[in-house]
Amino acid sequence: MDLSYSDEQKALQEGVERFVREKYVFDTRRKIAASERGWLPDNWAQFAELGWLGMSFSEDDGGLGGGALETSILMEQFGKGLVLEPFLPTVVLGGGLLAAGGSAAQKQALLAPMIEGKKQFALAWLERQSRYNLADVSLKATKEGAGWSLSGHKGVVYNAASADTIFVLARTSGGARDEKGLTLFAVDGKAKGLSRRDYPTQDSLRASELTLDKVSVGADAVVGAVDGAFPLVEGTVDRAIVALCAEAVGCMDAINAATLEYIKTRKQFGVPIGKFQVLQHRMVDCFTNAQEARSMALMAALKIDDADATVRAKAASGAKVQIGKSGKFCGQSAVQMHGGMGVTDELSVSHYFKRLTMIDLMFGNQQHHLTRYSNLAMAA
Amino acid sequence: MDLAFTPEERAFADEVRAYVRANLPADVRDKVASGKHLTRDDHMRWQQALGRKGWLVYTWPKKHGGPGFTPAQRYIFENVCAEENAPGIVPFGTKMVGPVIYTFASDELKQKHLPSIREGKMWWCQGYSEPGSGSDLASLRTRAERQGDHYVVNGSKTWNTLGHWADWIFCLVRTDPKAKPQEGISFLLIDMKTPGITVKPIVMVDGGHEVNEIFFDNVKVPVTNLVGKEGEGWTYAKFLLANERLGIAAVPQSKRGVEALKDIARAELDGGKPLIENTGFREKIADLELQVTALEYTELRVLSAMAQGDAPGAEASGLKIRGSEIQQRITELTLEAVGEYAAPYLPGLLWQGSNEAPVGPEYAHLAAPRYFNTRKTTIYGGSNEIQKGIISKMVLGL
Amino acid sequence: MKLALDAGHRAFADEVRAFVRANLSPATRAKTVSGRHYDREDHMAWQRALGARGWFAYTWPKKHGGPGWDVTQRFLFENVLAEEGAPRILPFGVKMVGPVIYTFGTDAQKDQFLGPIRDSSVAWCQGYSEPGAGSDLANLRTKAVRDGDHYVVSGQKTWTSFAHWADWMFCLARTDPDAKVQQGISFLLIDMKSPGVTVRPIIMTDGAHHVNDVFLDNVRVPVANRIGEEGAGWTCAKFLLANERLGIAEVAASKRGVRALREIARAEPNAGRTMADDPGFAAGLADLDLQLQALEMSELRALSAMAQGGAPGPEVSTLKIRGSEIQQRIAELAMEAVGEYAQPFQPGLLFHESNDTPVGRDHAPPAAPRYFNMRKTSIYGGTNEIQKNIVSKMVLGL
Numbered sequence: 001m002d003l004s005y006s007d008e009q010k011a012l013q014e015g016v017e018r019f020v021r022e023k024y025v026f027d028t029r030r031k032i033a034a035s036e037r038g039w040l041p042d043n044w045a046q047f048a049e050l051g052w053l054g055m056s057f058s059e060d061d062g063g064l065g066g067g068a069l070e071t072s073i074l075m076e077q078f079g080k081g082l083v084l085e086p087f088l089p090t091v092v093l094g095g096g097l098l099a100a101g102g103s104a105a106q107k108q109a110l111l112a113p114m115i116e117g118k119k120q121f122a123l124a125w126l127e128r129q130s131r132y133n134l135a136d137v138s139l140k141a142t143k144e145g146a147g148w149s150l151s152g153h154k155g156v157v158y159n160a161a162s163a164d165t166i167f168v169l170a171r172t173s174g175g176a177r178d179e180k181g182l183t184l185f186a187v188d189g190k191a192k193g194l195s196r197r198d199y200p201t202q203d204s205l206r207a208s209e210l211t212l213d214k215v216s217v218g219a220d221a222v223v224g225a226v227d228g229a230f231p232l233v234e235g236t237v238d239r240a241i242v243a244l245c246a247e248a249v250g251c252m253d254a255i256n257a258a259t260l261e262y263i264k265t266r267k268q269f270g271v272p273i274g275k276f277q278v279l280q281h282r283m284v285d286c287f288t289n290a291q292e293a294r295s296m297a298l299m300a301a302l303k304i305d306d307a308d309a310t311v312r313a314k315a316a317s318g319a320k321v322q323i324g325k326s327g328k329f330c331g332q333s334a335v336q337m338h339g340g341m342g343v344t345d346e347l348s349v350s351h352y353f354k355r356l357t358m359i360d361l362m363f364g365n366q367q368h369h370l371t372r373y374s375n376l377a378m379a380a
Numbered sequence: 001m002d003l004a005f006t007p008e009e010r011a012f013a014d015e016v017r018a019y020v021r022a023n024l025p026a027d028v029r030d031k032v033a034s035g036k037h038l039t040r041d042d043h044m045r046w047q048q049a050l051g052r053k054g055w056l057v058y059t060w061p062k063k064h065g066g067p068g069f070t071p072a073q074r075y076i077f078e079n080v081c082a083e084e085n086a087p088g089i090v091p092f093g094t095k096m097v098g099p100v101i102y103t104f105a106s107d108e109l110k111q112k113h114l115p116s117i118r119e120g121k122m123w124w125c126q127g128y129s130e131p132g133s134g135s136d137l138a139s140l141r142t143r144a145e146r147q148g149d150h151y152v153v154n155g156s157k158t159w160n161t162l163g164h165w166a167d168w169i170f171c172l173v174r175t176d177p178k179a180k181p182q183e184g185i186s187f188l189l190i191d192m193k194t195p196g197i198t199v200k201p202i203v204m205v206d207g208g209h210e211v212n213e214i215f216f217d218n219v220k221v222p223v224t225n226l227v228g229k230e231g232e233g234w235t236y237a238k239f240l241l242a243n244e245r246l247g248i249a250a251v252p253q254s255k256r257g258v259e260a261l262k263d264i265a266r267a268e269l270d271g272g273k274p275l276i277e278n279t280g281f282r283e284k285i286a287d288l289e290l291q292v293t294a295l296e297y298t299e300l301r302v303l304s305a306m307a308q309g310d311a312p313g314a315e316a317s318g319l320k321i322r323g324s325e326i327q328q329r330i331t332e333l334t335l336e337a338v339g340e341y342a343a344p345y346l347p348g349l350l351w352q353g354s355n356e357a358p359v360g361p362e363y364a365h366l367a368a369p370r371y372f373n374t375r376k377t378t379i380y381g382g383s384n385e386i387q388k389g390i391i392s393k394m395v396l397g398l
Numbered sequence: 001m002k003l004a005l006d007a008g009h010r011a012f013a014d015e016v017r018a019f020v021r022a023n024l025s026p027a028t029r030a031k032t033v034s035g036r037h038y039d040r041e042d043h044m045a046w047q048r049a050l051g052a053r054g055w056f057a058y059t060w061p062k063k064h065g066g067p068g069w070d071v072t073q074r075f076l077f078e079n080v081l082a083e084e085g086a087p088r089i090l091p092f093g094v095k096m097v098g099p100v101i102y103t104f105g106t107d108a109q110k111d112q113f114l115g116p117i118r119d120s121s122v123a124w125c126q127g128y129s130e131p132g133a134g135s136d137l138a139n140l141r142t143k144a145v146r147d148g149d150h151y152v153v154s155g156q157k158t159w160t161s162f163a164h165w166a167d168w169m170f171c172l173a174r175t176d177p178d179a180k181v182q183q184g185i186s187f188l189l190i191d192m193k194s195p196g197v198t199v200r201p202i203i204m205t206d207g208a209h210h211v212n213d214v215f216l217d218n219v220r221v222p223v224a225n226r227i228g229e230e231g232a233g234w235t236c237a238k239f240l241l242a243n244e245r246l247g248i249a250e251v252a253a254s255k256r257g258v259r260a261l262r263e264i265a266r267a268e269p270n271a272g273r274t275m276a277d278d279p280g281f282a283a284g285l286a287d288l289d290l291q292l293q294a295l296e297m298s299e300l301r302a303l304s305a306m307a308q309g310g311a312p313g314p315e316v317s318t319l320k321i322r323g324s325e326i327q328q329r330i331a332e333l334a335m336e337a338v339g340e341y342a343q344p345f346q347p348g349l350l351f352h353e354s355n356d357t358p359v360g361r362d363h364a365p366p367a368a369p370r371y372f373n374m375r376k377t378s379i380y381g382g383t384n385e386i387q388k389n390i391v392s393k394m395v396l397g398l
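Chains A, B and C, in that order, are what the protein sequence lines are. If you're matching positions, the first sequence starts at 1 in the numbering used here and goes up one per residue. If you're matching positions, the second sequence starts at 1 in the numbering used here and goes up one per residue. If you're matching positions, the third sequence starts at 1 in the numbering used here and goes up one per residue.
What the hints contain is simulated information worked out from the structure, not anything from laboratory work. The reader is advised that the hints may include incorrect statements.
[Unchecked claim] Cβ pair distances, simulated, as ranges:
1) A:GLY270 x B:LYS229: 23 to 31 Å
2) B:GLU362 x A:ARG37: 22 to 30 Å
3) B:SER392 x C:ASP39: 42 to 50 Å
4) A:SER6 x C:ARG53: 31 to 39 Å
The model shown is predicted, which means the values in this text are computed figures rather than measured ones. The beta carbon of each residue, even a glycine, is placed where N, CA and C say it ideally should be.
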């Protein structure tokens, strides 16, 4: 057992910290968020150049041989700066799916150029009725010659507008919500029959509704096994959850730091409001919540590669519960302690609050993961 | 003591319901039902409809032109209006400055302002908080200097709700900078069309514009617009705040909110079944509903004590605390019910009334903005920390 | 960074487990499992066994006779002991006064006291709190007046855990009444057999006798029994409290508690199935389990930082806060799981070797007493409110 970073990991942390400090000043971020694409290609090119896009992939796959911990180091700092570049959909989800389930040819055609910064990805799993159930999929893929034809709807697909390839989870057999009978397809972002409705999200990211109307793909578009995509997608989403948890830890540190600074300087009744014990104790509770979130995010990053699938699932769900709880507490408390300023668009706190709120909703909220964890723990 | 309504009270409820159904414009009702934002005109049409019936100032006593409702009638009126999806009554004229005017102001001011408030013809707003004076309201610095028949007002107010729609503002100003903080304050009524007033929007966390900063640059206000005595403004302000805290619990709105939440939980799916069948979620709604019930009965107890002649005391602070927390919890659970479909942000639909179709159901895109926006309820009207300070001091004697 | 254990550590864990199984009395173990109270000999016999193996002072560095274990070994040791049902180590000698003596004591004091602490041949208790000095510890009034080679100590200590079992007490006493509150305090070691020492039981809400009042009436204490300089007692006290807060999180014991709670839930009937099948209860239990995992990781992070050379800092206070809340929550959920059968009060079963049979299941009699008793955890060792003040001041700079 050892809980200290290696020298390489420390260097990575310092590097990404510097990037956020220099490139993600709050006003710069506001401009990036308002741009049409919603993120900056120059920043992405820099990610590629610094090796961040390949950081967590094996050397065989053209990466630098890091793992979940390296992803977490990056994501935590991205959280501090509310970084908008689509690292999660492209690298963690898309890249993760390819690394875990892609054929040699798919890795060659998609993963390698992604690591070089030349390809963007998205994962389309959610449908209107799915809530947080990854198997609640009704978009159908039917055999069409040697290939497949996909028809149906996908919702809240992050980064779809920028994606060169969209990974679409489709039902190829079985009934609604069966885990068996799901197949993952790599679909060209500009495929015929694919239409999008693009929109910004509450936290200034970009997402889309997708409609697939007889989208034709070849047999080589299948990622992993036909009818067998569920474990691949579940495993990758669990890894994305761990990454999100690290991002949330960064958000919490930042929002707590902003709040602490505010209550030290804002004066009412002739003293800084941080002199009032009721605010001091609430601030301590924020601090404690962030500590716990950090602990659980770290635990999850260290366990997500465990050989035992139950250990992996419990780690991801356990951390997500903590992040939901702590994120809500820190976010709501920060707004409250900022008073009216906390509910304006003007200060960064409201933006961290929005991001933390949306992180709870992504891939299953606190309640969903508590139930998932509870079922796994009781079965053990 | 009796929880049941008398036949007269039941007849009154029917009368209110019939009136609301006949006079609430359908487009306004639909907007309220689906949680959309209202325009100034939407509010005015409904308030004037109530004004015609004499019910807009339903909390006022008869001698000032109110209907003189009993506590039971008030309760019925508020609940029926909420059930029928009527907009909440904008409080600045009817519930805030109105009672201050009829309690403390000159006959001249009463004659000038009370009729237009009763009829819903004037839009009022509140000039209390300042950039440096939030929770510590008495430290306000907006200065009113006497020059002949006028005060000359300089300074700025913030967190001014809907001032961009207002005809008049009631303001706390400092008339004596040398007196103790709470003693040099006066209560002024100012016409928003007076030269020197600038209204600057503040954009909120949900992207909306409902509050403003207001700047006063040598604004000339006739001395006759002073309410009561110079230097007594703090007394009137406290009177107003105590009244405000009562209505601020928003119980009827929260009851409607819980019902709307249940509808959403019935419409949303979870594992192929309605979300409301999810035990965990259903229990959260049940818990919330019980909190609303506890709040409602506490408010009824306070109202009943007031009917016996007691003024709304510091207990009203408790209503504000719980009421605001409940409002937040409704939005929190609504957001939870909507799930990932809360993510799309559609400002056109939200703020400009555009015709684009929502992503997912209508309620989905409103869920997150409303959750973000409702964080204000534990901050405004005296933050909940301040309310607890009041209870601790005034009720518990700590 | 990794969580996995290497082969050496796995072998160490096996060695500890084998030792516990061979040396822990089955009767003592049975008391742990059923949640009954221990007597003095349960603790002392077990601690002497550890002492004989050189493991009792397991947190001490090698040069003071500890085993000099790394963070992982300590972690494994605590966890294996808890898993195997060993009583918790009484901290007063080995975790509290021992480190104070080897850090601040003279060589003569080290020679006299450290050996008997290491082998647990002597039991210690802590004389800190007084009737008028609880959270405000520095306000203590027990005075020690110099008389030649002795101090004459008079005053009263309270909440003294296991004073009725103790051979020695370490004590804060005021040696200079004219100095500032924190500066006139000295740290004294008092033989409990000294004339003038009287111990009076305080019976707790669950009927248990753990704590006492200790009256000191002109007790003569050799000056040689003072640790550190006269007036430097507060430094020793703060050092001790920081150490105490680390162990006080009781992670290993709480892990056993959560496992036991899961067994109780599986055994308790509910609607034809068990409490473990009740989604609400199961969710509560899962949440608790996760809180404990977060606490454990936080403690490991703190220990790991200490291993890199850092001293336990004030952020350790947050571990005490959460640790105590978790202990309370375990007791709360156990009582909830037991339900109505928590009501029978069977002190004979809890405190004595009585042959009384439990009215409900075996785990039922301790459920309510433990819930009542565990309220102490957020009060002792510095209340959680005091801990928050410490974090607020020392960590956040407020």
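Results for each hint:
no., hint, in the structure
1, A:GLY270 x B:LYS229: 23 to 31 Å, "holds, 27 Å"
2, B:GLU362 x A:ARG37: 22 to 30 Å, "holds, 29 Å"
3, B:SER392 x C:ASP39: 42 to 50 Å, "holds, 46 Å"
4, A:SER6 x C:ARG53: 31 to 39 Å, "holds, 36 Å"
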